[in-house]
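K.L.:
The sequence shown maps to residues 1 to 572 in our numbering.
No wet-lab data here; the hints were simulated from the structure. The hints are all genuine.
List of simulated lysine to aspartate or glutamate pairs, EDC-like, C-alpha gap at most 20 angstroms:
1) K236 with E219
2) K420 with E399
3) K341 with D456
4) K342 with E399
5) K458 with E399
6) K195 with E152
7) K458 with D427
8) K236 with E216
9) K322 with E399
10) K221 with E152
11) K420 with E80
12) K458 with E412
13) K37 with E75
14) K335 with E317
What follows is a list of derived Cβ distance ranges for each label pair:
15) E152 with G211: 26 to 34 angstroms
16) H350 with P118: 47 to 55 angstroms
17) K197 with H437: 36 to 44 angstroms
18) E518 with C324: 24 to 32 angstroms
19) N314 with H437: 37 to 45 angstroms
On a predicted model such as this, the values are computed, not experimentally measured, just so you know. All C-beta atoms in this analysis are idealised placements derived from N, C-alpha and C, irrespective of residue type, glycine included.
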Amino acid sequence: MNFLGKLIGLRVCQLTATTWILIALPLSHNFPVLATKTEVDALLRSGWWLDSDMNLDVYCMWFGVSCDDSRSIIEINIPERGPHDYMVTRNLNNMNFSLLLNLAFLRLPNNHLTDIIPLQICALQKLRHLNLSHNYLTSELPLCLQNLTMLEVIDIHDNQINSPIPPKLGNLKRLIYLDLSFNLLNGMIPTTLAKLKNLAQLYLQMNFFNGSIPSEVGELKSLTHLNLSLNNLCEKIPHELGSLVMLSYLNLQNNSLQVIPPMTIAFIFYLILCSCCILQHRMTSKQLETVEKNGDFLSIWNYDRRIAYEDIINATEGFDIKYCIGTDGYGSVYKAQLPNKKIVALKKLHRLEAEDPSFDQSFRNEVKHLMEVRHRSIIKLYGLCIHRQCTFLVYEYMERGGLFCALRDNIEVVELHWPKRLNIVWDMAHVLSYLHHDCSKSIVHRDISSNNMLLDNKFRAFLSDFGMARLLESSNLTANIVGTPGYIAPKLAYALVVNEKCDVYSFGVVALEAIMGEHLDDIMLDQILDLRLPIPRQNPITRSIVMIVSMAFACLSGDPKSRPTTKQKVMS
Numbered sequence: 001m002n003f004l005g006k007l008i009g010l011r012v013c014q015l016t017a018t019t020w021i022l023i024a025l026p027l028s029h030n031f032p033v034l035a036t037k038t039e040v041d042a043l044l045r046s047g048w049w050l051d052s053d054m055n056l057d058v059y060c061m062w063f064g065v066s067c068d069d070s071r072s073i074i075e076i077n078i079p080e081r082g083p084h085d086y087m088v089t090r091n092l093n094n095m096n097f098s099l100l101l102n103l104a105f106l107r108l109p110n111n112h113l114t115d116i117i118p119l120q121i122c123a124l125q126k127l128r129h130l131n132l133s134h135n136y137l138t139s140e141l142p143l144c145l146q147n148l149t150m151l152e153v154i155d156i157h158d159n160q161i162n163s164p165i166p167p168k169l170g171n172l173k174r175l176i177y178l179d180l181s182f183n184l185l186n187g188m189i190p191t192t193l194a195k196l197k198n199l200a201q202l203y204l205q206m207n208f209f210n211g212s213i214p215s216e217v218g219e220l221k222s223l224t225h226l227n228l229s230l231n232n233l234c235e236k237i238p239h240e241l242g243s244l245v246m247l248s249y250l251n252l253q254n255n256s257l258q259v260i261p262p263m264t265i266a267f268i269f270y271l272i273l274c275s276c277c278i279l280q281h282r283m284t285s286k287q288l289e290t291v292e293k294n295g296d297f298l299s300i301w302n303y304d305r306r307i308a309y310e311d312i313i314n315a316t317e318g319f320d321i322k323y324c325i326g327t328d329g330y331g332s333v334y335k336a337q338l339p340n341k342k343i344v345a346l347k348k349l350h351r352l353e354a355e356d357p358s359f360d361q362s363f364r365n366e367v368k369h370l371m372e373v374r375h376r377s378i379i380k381l382y383g384l385c386i387h388r389q390c391t392f393l394v395y396e397y398m399e400r401g402g403l404f405c406a407l408r409d410n411i412e413v414v415e416l417h418w419p420k421r422l423n424i425v426w427d428m429a430h431v432l433s434y435l436h437h438d439c440s441k442s443i444v445h446r447d448i449s450s451n452n453m454l455l456d457n458k459f460r461a462f463l464s465d466f467g468m469a470r471l472l473e474s475s476n477l478t479a480n481i482v483g484t485p486g487y488i489a490p491k492l493a494y495a496l497v498v499n500e501k502c503d504v505y506s507f508g509v510v511a512l513e514a515i516m517g518e519h520l521d522d523i524m525l526d527q528i529l530d531l532r533l534p535i536p537r538q539n540p541i542t543r544s545i546v547m548i549v550s551m552a553f554a555c556l557s558g559d560p561k562s563r564p565t566t567k568q569k570v571m572s
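Can you build the whole structure from these sequences, using the hints too?
P.N.:
Right under this line is the structure:
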């Protein structure tokens with residue numbers, strides 16, 4: 001094609017979807033003109049796909065899009081942010097769902113979705129599966145969800161939804177799977193859920209539900225899985241649960257439930273034993289146990305109920321140096337495999353011999369508070385142990401260690417390619433925004449560094465040592481200056497002024513380190529890119545890197561007032 005032809009082709013692509021669809025019409029006599037035209041228009045305007053991916057003639061083959069025989073869109077399934085999605089901002093409010101009349105499956109887990117669930121999603125009258133899990137969605141569950149009567153699956157777990165469950169959700173008679181766990185849901189569990197006669201799995205754990213367990217739950221005869229753990233439920237466990245003959249998994253732990261009749265206890269205990277034996281590998285909920293022995297205190301969210309101080313000592317051979325995987329100003333970190341085969345990280349704190357008598361209780365209270373702070377990119381804190389010999393915290397173990405070490409391993413760094421680095425910076429900005437702006441009480445980390453950004457086996461980033469400054473400061477165990485040299489904001493180092501802008505400065509240092517491959521002190525400022533990786537040739541990657549570097553330098557401003565907030569970083 002000559003230059004003019006290319007130019008004409010370009011103009012055609014830039015016209016509205018209407019023009020293109022009219023050109024394509026003769027190709028298929030079964031093509032429903034109005035439906036597909038409006039559907040494609042919705043996709044084009046959403047911004048969910050890169051321009052380079054949007055060949056309008058084959059929109060049914062776009063990533064995550066599926067159509068029926070008439071080329072009407074019936075599924076959008078994007079399981080997570082891919083390596084080329086760092087320049088794509090998927091926001092539910094940008095998609096005109098009212099134009100997707102035949103959409104039956106909407107699956108967008110782990111896509112960094114922010115903001116609220118829009119009311120417009122309730123226009124999807126044919127929707128059967130809704131999965132918005134592992135995102136950053138806030139506000140409330142739309143009341144209009146009750147109108148989507150075709151729904152069979154609702155999975156919105158691991159978000160920041162803060163509202164009661166709409167009572168009329170019980171109108172969804174086809175629903176077989178409901179997972180609203182790991183949110184900020186509150187109020188009482190509505191009795192109307194008993195109307196969901198086909199419901200097989202109900203997960204409401206790790207929320208803030210109060211009141212009693214509705215006796216009407218016993219009417220859910222199809223129920224096989226029920227998890228109400230880690231809430232504020234009280235009163236008696238209803239004996240009606242004993243009539244759930246299909247139930248194979250039950251978890252009511254970590255509530256304030258009262259003693260119940262022996263026969264019901266025996267039946268529920270039997271169900272729990274069965275679920276432990278048959279479904280142990282699927283259990284993700286942890287329980288909080290307290291062990292009082294000879295004045296020692298142990299409180300750990302564990303997996304098999306039998307963990308004890310002796311298990312920790314045996315797993316580390318008395319905290320032998322060969323199990324030590326790191327140390328910092330707070331303490332030493334050990335890797336331990338527990339009797340249940342679970343691997344955890346133990347942070348053994350540097351503790352003074354002469355201790356304030358009030359330390360134990362204040363430390364327990366702070367740990368309990370930190371356990372209530374929930375974010376997908378914060379290392380899970382399972383619990384603590386306060387013993388005459390030592391004090392340690394039990395954390396989730398991360399396979400790849402810190403970002404600092406990964407950037408200095410010439411073999412591992414090749415796997416840490418540009419898209420993964422950009423996603424690490426994105427995740428870090430989100431978790432700091434959460435701590436600074438979305439917690440009930442703003443929290444300043446005070447020790448953001450590449451050592452405290454831990455990576456799992458997929459190079460996803462998690463913030464560690466969260467709350468350590470606050471924990472130890474409350475018990476007078478730290479000096480005034482908290483942080484890692486090279487990452488501390490100047491105002492904090494010299495004037496001891498602590499606010500969120502201290503974290504913003506440290507974030508800027510780590511963001512540049514992720515791009516450059518080394519700490520700022522180790523390189524010249526003209527060496528922006530990590531030369532161990534190929535120079536990025538794709539415009540989206542290049543633009544993202546430029547944006548992050550610019551943002552990072554803004555964070556390093558000597559004047560704290562000139563630094564952006566973490567909320568501004570996320571929105572950019």
